Amino acid sequence: MNVLATFAYLVASVFFILGLKFLGSPKTARRGNLFGAFGMLLAVVVTLTDQRIIDTTYIIAGLIIGSAIGLLIARTVQMTAMPQMVALLNGLGGSASTLVAYAEYVRVPESTLEVLIPIILSVLIGSVTFTGSLIAWAKLQGVMRGAPVLYPYQKHLNGLGVGVVLVLGIMFALDPGQWYLLLIILVLALILGVTTVIPIGGADMPVVISLLNSYSGLAGATTGFVLSNNVLIISGALVGASGLILTNIMCKAMNRSLANVLFAGVGSDGGPSSSETVQQRTVIRYTPEDAATMLDSAQSVIIVPGYGLAVAQAQHVLHELANYLIERGTQVRYAIHPVAGRMPGHMNVLLAEANVPYDLLLEMDQINDDFQNTDVALVIGANDVVNPAARTKKDSPLYGMPILNVDYARSTIVLKRSLNPGFAGEDNELFYEKKTMMVFGDAKTTLTNLVQLVKQ
Amino acid sequence: MTEALMFSIVIFVLAIFLGVELISKVPPLLHTPLMSGSNAISGITLVGSLIAAGEGHGGLSVYLGTLAVIFATINVVGGFLVTDRMLGMFKKDKKKESKTGTP
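Sequence lines, in order, name chains A and B. Each residue of the first sequence is one higher than the one before, starting from 1 at the first, in the numbering used here. Each residue of the second sequence is one higher than the one before, starting from 1001 at the first, in the numbering used here.
Simulated from the structure, these hints should not be mistaken for laboratory data. The model shown is predicted, which means the values in this text are computed figures rather than measured ones. A portion of the hints provided could be inaccurate.
[What the hints assert, rightly or not] When the alpha-carbon atoms are kept at most 25 Å apart in a straight line, the in silico SDA-like pairs for lysine to any residue are as follows:
#  : chain 1 : residue 1 : chain 2 : residue 2
1  : B       : Lys1091   : A       : Thr28
2  : A       : Lys444    : A       : Ser418
3  : A       : Lys21     : A       : Asp359
4  : B       : Lys1091   : A       : Ile73
5  : B       : Lys1091   : A       : Leu34
6  : B       : Lys1092   : A       : Val451
7  : A       : Lys21     : B       : Lys1091
8  : B       : Lys1092   : A       : Asp369
9  : B       : Lys1091   : A       : Gly329
10 : A       : Lys435    : A       : Thr448
[Unchecked claim] Here are some, though not all, of the chain B residues that point toward chain A, as calculated from beta-carbon distances under 7 Å:
#  : residue
11 : Leu1022
12 : Val1026
13 : Asp1084
Heads up, the beta-carbon is just placed ideally off N, CA and C, and yes, glycines get one too.
Isolated chain B, as found in the complex (with noise of 0.2 Å):
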């Protein structure tokens, strides 16, 4: 096993610890846009998908490459502003006096 991959999973395994504690802290209330926004996150893969598309020999690779683009640009694109979208929708109590009300 080379050195490079033993990097690779050491951080790979503390990324799912520090994954589980951010998102153990996130409140139900935020459950929604919390999937569409780490789903758009995990639409990374764009990153590797845009040098197999860009190899310029015109193969097999550029073209799965390029198909790779558009679905990785869909989920990124997608998920960011649909979460954006939503996240817009929540907003605080403007008159604050009702919370405390009569019991």
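Just chain A, same shape as in the assembly (with noise of 0.2 Å):
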């Protein structure tokens, strides 16, 4: 074994790790991001020295070509498409590990148990994200619909689709002369990404990206084994770990299991009917100018973000209302609730974005005691994660979910589109409640008519 491209390599894993460590706070976390960047520049200059590489006109291409892609797509991207985004890097990163895995396989058919096992597990877990990282993309950025595509023995077939996967697996690998074995095994997969992933439904998906994450870092570290490539395993190994927590923390603050957001197909668009379970109750109609003489009386206010705030594009205006409350020396927070946004802290990218201080961004449980002393909860475009009836409604299915104390603000003013239920179907008490505003219509309308008045 070459000792400088081991030492490289070593070196480079310190990089990833320090870099995911600095990533951990918001004055270090550009170093950090560096840090992973040079780690991987190391990797790859020490790797094209590497003996075995004797024709490089097919790398420099590859490189040129990924290079110009990835440049493209990071440079134009929209923060708000940053989960369709995410899905698309994790496909590739995934395929890519199964490919070479693939192109170990066709080097050397004749391997032992050891390369033979890994090479199956890559090739499976790599086409898994491939094809199922596409199809979240396709929801997430409206190729398809969000609504869960759902068929008749559903289950069955993937569980069987898995099983045939096993059994093939196990006659490959005792004799892998039977190339064709791992050719079924490899559409197989494909298959099964997309069929796994197509019964979840759209407002799932910050599910699905973070687990996908997480895959497409076991089929790298599953193709470390491939190549014995112990920096491919060390990083392999942490995002594995990093997509594991992230998928986590988003089912607990949907208050769902992995199980249940992988098999229940649950839910639309996020816009589910309203017309059967709702029954008809009457709120008053508040107006922007109502709102405005609150927040002009208001000392604190504290502002909750929904994803409806992203799909209106209001992020800006109601950043320019935020200043002029800060301005006349009102103090303005902003309560960001996990799923706030698509993916996992999408909805602090979409402020930073606006120009709004990290420092303001508060997360629920720094700030959810902070609502009793609050004089107005400016709820925009949210609806479950400020529903009350996650702390005492039993039956239902918001019942335990962590939400953001917004009813316990003296006062608080929702801005909405309509009396619609949220995601999990739930009449939301806070509405009807006598200290709450409603005011209807377009949260960017809205907000713009509200920086008028609040100027005067």
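Put the complex together from the two separate chains, hints included.
The structure is reproduced here in structure tokens:
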């Protein structure tokens, strides 16, 4: 084994670890990302000196094409489209792992079990990651409808598919000369990626992306076992762990088990039908003028943004409104629920893009006790994450879900398009409370009105 | 089982625990950049694809390797650049006194 390469890979691994550590604080995060990139550059440069590399034509062509596409999408992607972008990159990473493992089999068909088993796993995990990510991308991008695609015996068929892959995998491991077996495994895995993600609703995509992130890491690690390359194993394991933690956080914040998210086929596009479940109740409709008067007299305001804010592209106007309030001495902060966006931490990025300073963005546990001492909670395009039914109503699907204590504030302003219930289909008591002021309409239009009124 | 494989498994398991420790400390504020950044790191498969693409026989494994180089490079370059772009947006409040405003 090449001592220099091994040592360089170790240094690269250290940079990855430090990079992830620095990503833990907003002050050092940018440096952390640079550390990661530097580790990668080091690993690539050292690999290029490998004696097995004879012809660099294809390598250089691949690097140029890949860099150009990567540069282009990184520069042009909208921040609202980050979930799709991450899904796409997950898929590409997973498929690259599969391709490398497959190429290794093509190169040395008669390997030992120690190589064959990781090859099978890498082909399986990488392919599922690839097509699963493409479906997640299509659902998030709106190319495909977000609603779950359900058909009879779906789970059984998926289970059967996994079973067949396992059997074929064992047959192949025992007799690697049967090259077509690995090809069938590859095709089946690609199909499984599709069939396991299509039954999952659009609003559950944050969990799916986190999970696929974990898979792409694991695919990399298994490829590391194929090539006996420790830098792949280490970084693959780090990313695998990272994806699992984020998956767990998302599931908790949505009050669902991972199994429920993956198999239950819950939900539609986030705008479920309102006609059947909701009894006709009336709320008082307030105007932006009423809301402006209330904000004028408030000394402290907590803003609760939901995904509806991002859909309406109203982050910048919101920031403008917040600035006017701050200028006149009002205390303004933002309360961010973990599932406020379409992927973990998404809302923070959207608000940061609108120049909201990150120290005003507070997570649920930091701010939940402050609502009771706050004059106005301003809820924009959020519903389930502020539904008090999560605390009290035992038969509700929301029961037990961690929510923002908006109803404890002295008064509440809710900007919303309609009275439709949220993703969970649960009517929201908060909207009918006396101290709640409902202002209906497009968030951007209403906020623009509010800015004009508050300025006067 | 060879000694090398045992060693790799040990490294794998330890790295998972290290990953859990590191990632658990990242605040929700930074979860999106964390995800895209770690995603770029998982593009390390690039290293394996370089060797497959550079063998020079012109066979199937070279073509598979080249495709892998393209995919992994998009993953790495796109991932690190977009993470940097995002992190560049995170700014602290300049006028700090507004933080401790009146209750």
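Hint check results:
no.	hint	result
1	B/Lys1091 with A/Thr28	holds (12 Å)
2	A/Lys444 with A/Ser418	holds (14 Å)
3	A/Lys21 with A/Asp359	holds (20 Å)
4	B/Lys1091 with A/Ile73	holds (23 Å)
5	B/Lys1091 with A/Leu34	holds (18 Å)
6	B/Lys1092 with A/Val451	holds (23 Å)
7	A/Lys21 with B/Lys1091	holds (19 Å)
8	B/Lys1092 with A/Asp369	holds (23 Å)
9	B/Lys1091 with A/Gly329	holds (21 Å)
10	A/Lys435 with A/Thr448	holds (23 Å)
11	Leu1022	holds (5 Å)
12	Val1026	holds (5 Å)
13	Asp1084	holds (5 Å)
Checked against the numbered hints listed earlier, the structure breaks none of them; every hint is satisfied.
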